[in-house]
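S.K.: Using the sequences provided together with the hints, build the complete structure.
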Amino acid sequence: MNGLPVPNGVPISWFLLLSAVLFALGVAGFIIRRNILTVFMCIELMLNAVNLTFIAFANQHRQVSGQIFTFFVMVVAAAEAAVGLAIILTVFKNRETLNIDEVNTLRN
Amino acid sequence: MVFFIITIIKLAIIAFVLLTALAYLQWVERKVIAHVQVRMGPSRVGPHGLLQPLADVIKLITKEGVIPPHVNKFFYLGAPFLAVFMALISISVIPFGTEVTLFGYTTKMQLADVNVGLLVILAVSSMGVYGIALGGWASNNKYSLLGGLRSSAQMISYELPLSLALASPLLIMGTLSLREIADAQSGFQLGFIPKWAIFSAPFPQIISFLIFMIAAFAETNRIPFDLPEAENELVAGFHVEYSSMKFAAFFMAEYANMVTVCSVATLLFLGGWHPLWPVAYGSNFVAPVVLFIAGAVCIYHGLNPARPMDKYTLPAFGVIFFLLAALMAFPPVIPVLMPLFWFLAKVGFLLFVFIWIRATLPRFRYDQLMGFAWKFLFPVAVLNLLVTGFLVALAS
Amino acid sequence: MTQNLWIIPILPFLGFLVNGIFGRKLPKMIVSLVAVVSVLLSFGWVMKVYLTAGDLAANPVTEHYFTWIRSGAFNVGWDYTVDKLTMIMLMIVTGIGSLIHIYSVGYMEHEGGYYRFFAYLNLFMFFMLNLVLAANYLLLFLGWEGVGLCSYLLVGFYIVKHSATTAGNKAFIVNRIGDFGFSLAMFLIVVNFGTLDFGHVFAAAPGRPTGTLTAIALLLLLGATGKSAQIPLYVWLPDAMEGPTPVSALIHAATMVTAGVYMCTRSAVIFTHAPAAMETVAIIGLVTAAFAATIGLAQNDIKKVYAYSTISQLGYMFLGVGVGAFSAGIWHLMTHAFFKALLFLGAGSVIHACHGEQDMRHMGGLRKYAPITFYTLCCASLAIAGIPPFAGFWSKDAILAASYAHAPWMYWIGTITAGMTAFYVWRAMFMTFFGEYRGHGHPHESPVSMWGPLAVLAALSVVGGFLFNVPKILNSMFPIEEAAEVPWLVYVSVLAGVLGIGLAAYMYVVNLDLPERITKAIGGLYTLVYNKYFIDEVYDATVVHPLVEGSRSVLWRGVDQGFIDGIVNGVGQESKAVGGVLRLMQSGNIRSYATWVVLGSVALVIALGIAGGVSR
Amino acid sequence: MDLFFFLLFAIIAVVCGVNVIAQRHPISSALSLIGVMGSLAVLYLLLGAAFIATAQIIVYAGAVMVLFVFVIMLLNAGAEERTGRRSLIAQIFGIPALIGLLGVLCYFVQRWFPNAGVVNFDAWQGGSAQNIGYSLFTDYLLPFEVTSVLILIAILGAIVLARKELD
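Chains as they are written, first to last, in this note's numbering: chain A, 1 to 108; chain B, 1 to 396; chain C, 1 to 616; chain D, 1 to 167.
These aren't lab readings, by the way, just hints derived from the structure by calculation. Beta carbons are placed, not taken as given, at the ideal position from N, Cα and C, and that holds for glycine. Incorrect hints may appear among the rest.
What the hints assert, rightly or not - Which chain D residues face chain C? A few, computed with CB under 7 Å, are given here:
hint: 1; residue: GLY100
hint: 2; residue: VAL104
hint: 3; residue: CYS106
M.R.: Here you go:
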């Protein structure tokens with residue numbers, strides 16, 4: 001039963017596909033967006049996609065562990081957001097730009 | 001199916017009552033502030049300006065909704081409705097009283113009894129900031145932008161002490177469902193001290209109650225924390241550019257938030273719909289007596305009126321009050337109406353405190369505001385939480 | 001019931017932490033208080049254990065705290081054990097340690113690095129107690145190395161003095177040789193017994209081939225000679241006198257240097273089953289005793305004299321161990337701890353009195369300036385000279401008797417050595433306290449915090465001998481083999497001591513020019529002895545110099561610069577070349593990096609899929 | 001019913017997700033991201049993770065995204081301009097790689113979980129605050145503490161970074 005809707009129920013794989021789609025969207029945004037803030041948001045999007053799989057599997061296995069991991073992911077995401085936005089502020093302060101293509105001191 | 005019908009009926013009732021209450025809350029506010037400042041307040045439209053809210057609504061609706069040319073239209077239009085939506089949605093999980101049985105159908109005085117109701121309220125209220133922030137930003141006006149920034153910063157900052165203050169009574173209650181929280185506070189210690197959270201063993205939550213109220217003032221952008229709309233620095237803060245119904249929406253949101261936080265405070269700290277002293281000591285007679293006194297006062301003033309209209313209007317109100325008193329005293333409805341009365345009484349009292357403080361206190365400076373949140377309120381809340389947890393652990 | 005033995009070493013360690021971390025800030029008062037009190041407390045705890053433990057011989061206390069190392073079948077626990085031997089050592093270490101701590105408060109008062117000194121001292125106490133309490137060789141080795149470290153730190157305490165630092169290095173390096181032997185011994189033990197716990201090893205030892213046991217014992221002996229300054233590794237001890245005098249007293253007389261004796265006694269089972277090794281121990285001890293005594297005859301630096309006497313006394317102990325009289329050796333260890341600590345502290349007091357002068361030729365006549373020091377030192381010197389009923393007499397006599405039973409010639413050499421000992425110790429006494437004061441400045445008596453411990457130690461070195469009759473105490477562990485009781489032995493050895501004293505008195509009090517003439521008469525011999533038989537020079541020429549030269553020419557120039565640097569630079573060159581290519585990928589554009597990551601992950605997922613998924 | 005809810009919110013999530021990367025203005029992206037989070041929260045709720053759902057709203061939508069919006073406003077970030085150097089690699093390989101990744105993922109998900117079972121909403125309500133808290137403070141205590149330390153460090157780092165000048 002590859003993905004055919006079962007009456008009164010959702011195959012677990014559909015959640016995985018949804019999260020895969022969201023993750024891919026995040027990756028795409030990460031690649032094609034130039035605004036550093038948007039790029040950052042795309043990272044959050046990816047994290048959310050991963051969380052969905054955790055929750056889905058938690059439901060699948062009837063265990064809380066997956067939700068715990070989601071919890072940790074959230075915590076880490078919050079910390080990351082705080083630091084990342086601070087970095088973005090500093091970058092903007094120093095360079096007057098949010099375009100990551102212009103943040104290329106690594107090169108030469 | 002019955003469930004849906006009942007829910008829809010409840011929805012209609014609550015929506016109607018709530019919106020009316022919001023409208024009249026403003027009337028009350030203006031009246032109270034007026035009397036605090038020895039003024040009349042609204043008195044032209046209707047007796048004692050009782051129809052003022054109606055007039056306001058008509059005025060606001062019929063006004064031309066000006067959309068400034070330089071705004072980001074989508075967000076500019078979306079913001080107020082986002083705000084009011086977020087404000088109203090959290091009412092849905094608040095219980096007003098015990099079950100009510102009507103025509104054989106038993107239902108709770110509550111729209112949705114969620115078992116994480118408190119978290120839902122926190123979540124929704126945390127979303128509430130977007131309305132203001134977006135409105136401030138979309139108006140594309142430096143004053144409103146500053147207002148939006150301030151409000152978002154302020155709301156984020158004050159959400160911490162708020163949540164921490166909520167957490168410590170939860171340690172005692174041990175549940176997140178608002179209904180269970182309220183029921184956990186029924187009964188009395190030593191026979192007459194109510195088991196409300198602010199009196200509760202092992203550690204009276206009076207501190208967290210105060211913290212919660214202070215933070216609530218900030219969350220609802222009320223004086224003394226109404227920095228986002230500080231008239232004398234930012235013309236009108238985040239809603240400089242708003243007019244007509246969109247402007248009204250922000251105010252509705254503010255009042256709805258007030259109602260919400262007052263209800264939450266009542267449920268968590270003031271024991272919900274449980275009376276102040278046992279029924280044995282006649283707490284059931286409070287409502288009739290109060291209403292009866294109100295009616296008597298009305299009659300008295302009607303008999304020797306201060307204004308010509310009074311001799312017709314006041315007695316009418318007097319009669320209404322008497323009827324209500326009689327209804328309250330009517331035994332069959334007591335179990336239904338008495339909790340409702342107590343709940344509304346407490347909420348009303350807290351709302352009155354809100355208005356009272358607005359009439360009394362000046363406004364903080366912004367750095368004072370933030371410093372207060374982070375340097376005083378937050379540590380105190382943490383300390384309170386720690387002490388409570390410690391004592392609870394000891395008690396159990 | 002548990003005795004909480006861990007408290008004993010942990011207290012000084014806490015003292016070390018406090019003084020080491022905050023000492024710089026704290027006032028001297030607090031520092032000394034912390035140091036002294038911590039040691040006193042642990043002494044108190046030792047007493048508590050002693051009083052409450054019951055019969056240690058029947059059931060020694062053993063406590064396991066946690067497993068330190070576990071690898072396969074082999075695991076080493078952090079366990080302490082206390083039996084009678086350990087208890088004696090504990091009392092010596094903590095008791096004398098406390099006294100010396102108190103003494104140091106007065107002695108170090110005007111020195112820089114006050115807190116540093118006490119921190120090191122406490123650390124030393126911790127390691128020493130660890131060494132004594134250890135229930136397996138590795139833990140013992142930990143303490144062993146630790147005390148070595150502390151000795152290094154304290155010998156080099158006057159970091160500005162070049163001689164001090166070099167002395168510290170010398171002590172450390174020479175000890176390395178011994179420790180090398182010790183570790184080899186431990187490896188052998190692990191290989192043969194599969195464990196390092198004393199209990200199992202000693203239980204299994206008797207059944208093992210003698211060859212193995214001999215090898216182990218000899219290697220252990222090598223370690224012991226290093227730590228306990230026996231031939232051939234004794235050379236570091238005299239130089240170690242560069243350290244502050246309390247350190248010399250505590251570490252280089254009373255406790256650390258006796259660790260070797262303790263270890264051999266602890267391993268008695270192994271030694272007794274390796275007769276050859278026992279013989280070696282005895283001979284090494286005897287030769288060291290005589291040899292060091294001869295050197296001691298001609299020294300003029302008071303601390304050097306006592307240093308050599310320490311070496312020779314340690315020789316006695318090893319003699320005792322070697323001839324199988326372990327308990328006698330421990331007995332002498334104890335009495336020696338009393339009187340030698342006293343001698344050093346007295347010497348310190350003398351030096352203190354003479355404003356830091358150490359050369360005896362610039363002293364003299366201190367009897368009236370520092371009476372207390374004088375009388376206490378008298379006790380000590382009588383004790384070391386083996387005059388009854390002083391402490392030294394009993395233990396030394398026991399050893400000599402045992403050695404006579406073992407081999408008479410050993411007894412005679414020992415006795416002659418005893419005579420020499422008496423001579424040079426009293427020579428020191430006479431040169432220091434009699435005659436006229438030949439130094440500069442005005443000598444003065446030391447403060448009470450210094451002579452207080454002196455008095456206690458003096459009392460101990462008077463009565464300590466027959467009060468604590470170690471052989472009887474340890475009878476259960478090391479039964480005294482009933483040697484034929486030869487009555488005249490005692491008189492001879494005592495006579496030797498008396499003769500030595502008398503000779504010293506004659507030469508250095510009665511007619512003072514006699515030494516000069518003797519020196520003239522036997523000029524060559526004298527210079528030889530005076531320069532310690534040029535042993536240091538010999539070592540330099542044979543060991544140190546070739547080593548340095550070899551490492552400079554071969555290791556440094558050849559191996560290091562030629563080979564290793566070659567590899568390193570080669571790697572550097574290669575990576576630079578590779579990087580030059582890879583650099584083209586680093587566009588400095590974040591999104592291109594992201595693209596690479598994506599491609600990589602795609603490849604990974606495909607690979608996983610082809611591999612058939614992570615798990616079914 | 002379950003299917004309906006799932007599809008509803010899945011579609012909302014996907015549309016919002018597309019919107020996140022399609023919008024040129026960061027604030028639009030931010031709001032779309034909030035939409036994604038909201039719909040995901042509903043899905044969590046349906047999957048029986050009530051606590052996580054609310055936490056998702058409170059933490060992500062309520063705090064993190066507010067921070068984003070705040071920063072966007074603070075920097076007054078405008079819509080990103082089309083001009084500027086386009087990364088050739090990204091142009092050529094980006095989208096194909098993306099599609100490839102997506103397709104491969106779908107394929108393998110289908111292949112590894114052909115019949116991994118069916119989720120029935122309300123069949124399991126394990127995610128109550130009690131359960132989460134219990135296992136958080138028993139089985140996962142150490143990670144919990146570690147993350148708290150991490151948060152602390154993050155706060156310090158943010159403060160240090162965001163200060164006007166490092167003096």
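S.K.: Does the structure break any of the earlier hints, and which numbers would those be?
M.R.: 3
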